[in-house]
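Residue numbers (the numbering used here), protein chains in the order written: chain A, 1 to 535; chain B, 536 to 818.
Among the clues, some could well be false.
Said to hold, decoys possible - In the SDA-like style, the derived pairs of lysine to any residue whose C-alpha atoms are separated by at most 25 Å in a straight line are:
| hint | chain 1 | residue 1 | chain 2 | residue 2 |
| --- | --- | --- | --- | --- |
| 1 | A | K133 | B | P753 |
| 2 | A | K348 | A | K503 |
| 3 | A | K503 | A | D472 |
| 4 | A | K133 | B | P754 |
No wet-lab data here; the hints were simulated from the structure.
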Amino acid sequence: MPTQNELPVVTISMAKQSSVTFGDAFAFGPKNAFDNSLDTAVETKEQDKPYFEFTFAKPMTIGTVVQPDSNHLTGIRVYNRHREPGTNSFTQGLFMELYNEEGKMIRFSKEKRVANFYLFNIAGMPNTVSRVKFYKTVRATLTFSEIQIYSDHMCRHARALILKTSLPTSKPKLPTVFKVATKIKHHCPTTRALSISAAFQYSFCGTVDSVTCAAFALAQNNVVLDASFLATMHRMECGVTAVGPELPALSERQDNAKLRRYFKTSWCAETSGGSRCAPLQELVNLVGRSDGSLVYVEMTAQDWTRTDSLLNVAAEFAAERLFIPLRVNQETIDNPNVLSNLYLLTAKYDIYAYHVNMDAGSFKHHDATYPMEIQLSMIQKSQRRVVTSGINGANNAAVDDEVQPLHLPLDRWLKQWGVDNLTRATLPLPAKAVVPFRSFSAARRRVLSKEAEEAFDTWTNNDVELEQVLLDFAECDRLAEAVAKDVPLLAPRMPEITDDRVKSALCRLSRSISSAAWQRRQRRGEQPTTSAPVA
Amino acid sequence: MPTLDLQPALVLPSTAPSQEPLDWWFERWTGKPVLDPSMLPLKDTGTIPKRLFMTWKAKALNPQAYDLWEEWGVRERLLDRVVLDDAECARLAEIFPDLKPRYDGLPLNVMRADICRVLAIYYFGGLYKDVDVGWMRPLKDWVNYEDHVAYGWEDDEHLCQWFFAARPGDRCVWNILQHITNIIANTSYIDFNANIEAVIDITGPGVWTDAMQGCPTPPKYTVNEMKFTNVEHHYASQRWGGKEYKSWIDSRRGRGLGARVAAVQAGAILHLRRRSAPHADAE
Numbered sequence: 001m002p003t004q005n006e007l008p009v010v011t012i013s014m015a016k017q018s019s020v021t022f023g024d025a026f027a028f029g030p031k032n033a034f035d036n037s038l039d040t041a042v043e044t045k046e047q048d049k050p051y052f053e054f055t056f057a058k059p060m061t062i063g064t065v066v067q068p069d070s071n072h073l074t075g076i077r078v079y080n081r082h083r084e085p086g087t088n089s090f091t092q093g094l095f096m097e098l099y100n101e102e103g104k105m106i107r108f109s110k111e112k113r114v115a116n117f118y119l120f121n122i123a124g125m126p127n128t129v130s131r132v133k134f135y136k137t138v139r140a141t142l143t144f145s146e147i148q149i150y151s152d153h154m155c156r157h158a159r160a161l162i163l164k165t166s167l168p169t170s171k172p173k174l175p176t177v178f179k180v181a182t183k184i185k186h187h188c189p190t191t192r193a194l195s196i197s198a199a200f201q202y203s204f205c206g207t208v209d210s211v212t213c214a215a216f217a218l219a220q221n222n223v224v225l226d227a228s229f230l231a232t233m234h235r236m237e238c239g240v241t242a243v244g245p246e247l248p249a250l251s252e253r254q255d256n257a258k259l260r261r262y263f264k265t266s267w268c269a270e271t272s273g274g275s276r277c278a279p280l281q282e283l284v285n286l287v288g289r290s291d292g293s294l295v296y297v298e299m300t301a302q303d304w305t306r307t308d309s310l311l312n313v314a315a316e317f318a319a320e321r322l323f324i325p326l327r328v329n330q331e332t333i334d335n336p337n338v339l340s341n342l343y344l345l346t347a348k349y350d351i352y353a354y355h356v357n358m359d360a361g362s363f364k365h366h367d368a369t370y371p372m373e374i375q376l377s378m379i380q381k382s383q384r385r386v387v388t389s390g391i392n393g394a395n396n397a398a399v400d401d402e403v404q405p406l407h408l409p410l411d412r413w414l415k416q417w418g419v420d421n422l423t424r425a426t427l428p429l430p431a432k433a434v435v436p437f438r439s440f441s442a443a444r445r446r447v448l449s450k451e452a453e454e455a456f457d458t459w460t461n462n463d464v465e466l467e468q469v470l471l472d473f474a475e476c477d478r479l480a481e482a483v484a485k486d487v488p489l490l491a492p493r494m495p496e497i498t499d500d501r502v503k504s505a506l507c508r509l510s511r512s513i514s515s516a517a518w519q520r521r522q523r524r525g526e527q528p529t530t531s532a533p534v535a
Numbered sequence: 536m537p538t539l540d541l542q543p544a545l546v547l548p549s550t551a552p553s554q555e556p557l558d559w560w561f562e563r564w565t566g567k568p569v570l571d572p573s574m575l576p577l578k579d580t581g582t583i584p585k586r587l588f589m590t591w592k593a594k595a596l597n598p599q600a601y602d603l604w605e606e607w608g609v610r611e612r613l614l615d616r617v618v619l620d621d622a623e624c625a626r627l628a629e630i631f632p633d634l635k636p637r638y639d640g641l642p643l644n645v646m647r648a649d650i651c652r653v654l655a656i657y658y659f660g661g662l663y664k665d666v667d668v669g670w671m672r673p674l675k676d677w678v679n680y681e682d683h684v685a686y687g688w689e690d691d692e693h694l695c696q697w698f699f700a701a702r703p704g705d706r707c708v709w710n711i712l713q714h715i716t717n718i719i720a721n722t723s724y725i726d727f728n729a730n731i732e733a734v735i736d737i738t739g740p741g742v743w744t745d746a747m748q749g750c751p752t753p754p755k756y757t758v759n760e761m762k763f764t765n766v767e768h769h770y771a772s773q774r775w776g777g778k779e780y781k782s783w784i785d786s787r788r789g790r791g792l793g794a795r796v797a798a799v800q801a802g803a804i805l806h807l808r809r810r811s812a813p814h815a816d817a818e
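Assemble the whole structure, with the sequences as input and the hints as a guide.
Here it is in structure tokens:
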């Protein structure tokens, strides 16, 4: 069996749920079940027999086998990582039914909650499954954060999932601010929830123990940190520094003394007159510090509209990870400064998870409902620290292998474009009224140098809707094969070319050939190739 | 209270066949003097063979278990009653592909016992019962020997492991073996102290329930029939006393794990006691 990373992405062709809580599909709709973020939510209204179901684009095999193949399904885990009202219902058992391609129910099982998930092991007699349905039999809320599927016997390595269908929930055109804020730029296979306080849940990517850090909490007026956050930081051997003119929320807490014990740095120290914390100006000394590995910035909706907020500090701060709530409302959603502030951050950091916090409220904009708060989890671009020394002197390996720049393989792009696989028959792609907003680059592997990655990002950041495709040479070979009917000699010779520059040039050329061939056929009025070139 | 009117001639002597080694039984069934893996699983003759398997750590049963063993002999006179000990279980585990090293690597004897019963029924066919399961009704009244596999429910979630039957080489039983073999490939990540229910999911009723999904022969017997009507489960670890019947969870409690175990709800402990009876964990 191929290793987990080599397994093809499993495509979900349909997902739906019985109802959406608050009627807000953006925050609680079925698309959130496959967004690879454990902190976003799927949640139904309370009603009889709530359900959630999804369909595999290609039916998966199930059953006990000696060696599972790449299209085998051994288990499904339904995670819950959030604290919405459905939490109580989550303690109830969850039912699962599996259906084959003919729509016949082939499996039925019920699982109790284990920790923060339900795990359905799928073994038994061989069969194929096309549709999966989860439901409850009582009046309840069905709520969870993420669905993960497994192909290994131990159900330990979740496979990558992609939701191909365009759900009704995504119909309203998203304001650009939300497009940028929800565009995941790094793939993070395992995220864990990290509470800043009771109201805030951020996703932490990677291994907690591997982080050597100092955590900074920046705020204009107050910093709200709860004990669990501080304790987590403490376990990670992080010193926590709260920076702001004053810290009323902190000092008002009854367990103030206990909290302050976590504060190891001189910026917030116990004095006879109470806690004394550093003024904002002292942050100047921190800019560029490599050990400031986690920064939480408290930003109000009004702060987001300013050009002189703490966000500037966060952008300049050499933090490894940045937690920041994007707060907008009806008045500020169209404010250009909000977007430029967001771009300021995304130029330095990549988003690897976001959590829609509906507790913070929502607002109407162009007949659609949007959340007032999205908690962004970000990581510094090209963050690859190997060994660092923490402020408490601990040396820890801090390699973020789990966080990889996200360059989708061609097959996944093709699936998004509605093509199952790359063959002579499927090219050129079906015609559209406009030139597809796609750009292509070619490289030996889908891993770029730091400089190339920055150039890549510049395009992405400035054109949010641009589909930037990075082809590796194996994909170039396949493209050449696909255009072989137009250039018969290209395909067999393409794999033999070893010079990277020649190969890249030919790769570009093969796309052009595809384009030219299409135009030629159009001119000749050939049918039925009513389609557009690849690029 | 009805009395059991046994004729002296029907009472089996203490040197009963439970003392016979597996090779002895194999010769009886096949004519070959030594267990021959190439002949396993035995040929399916179209019915569930009249063999009743039990597993215990040694050939000699303790008094309470021996009483039940005797009664089964009296009530079901055509049954071959086979007690497999740990060494014989290990021999069977060697035959199933990839199983033996994983079987040896299991941390608890109760897990090996869970696997041994499946191996016995898969290779030889017949019926299996825990040594603390007593006779209640004639098997001919409720076991259809022409079924491929016969089994029931332990509770509303799990299939029953303490009594089941199948023809040799049955595909559903193979599923259980293969599924267990798959998931015990690496048990190093499992903290049995922190998660006492892991046994249920790795070799116990949980894995059975998963592996039997889609079996063409559905479970036939209700929870009540499995516990009280068709057979009676005596729950040795709770009722019989004696360290040899102490459940594995109690054994671990004695090693300073009481605090963790006590934290588990009483229901879960009872459940584990029931399903792990009667084998002591002789680690």
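Verification of the supplied hints:
1. A:K133 with B:P753: holds (22 Å)
2. A:K348 with A:K503: violated (32 Å)
3. A:K503 with A:D472: holds (10 Å)
4. A:K133 with B:P754: holds (23 Å)
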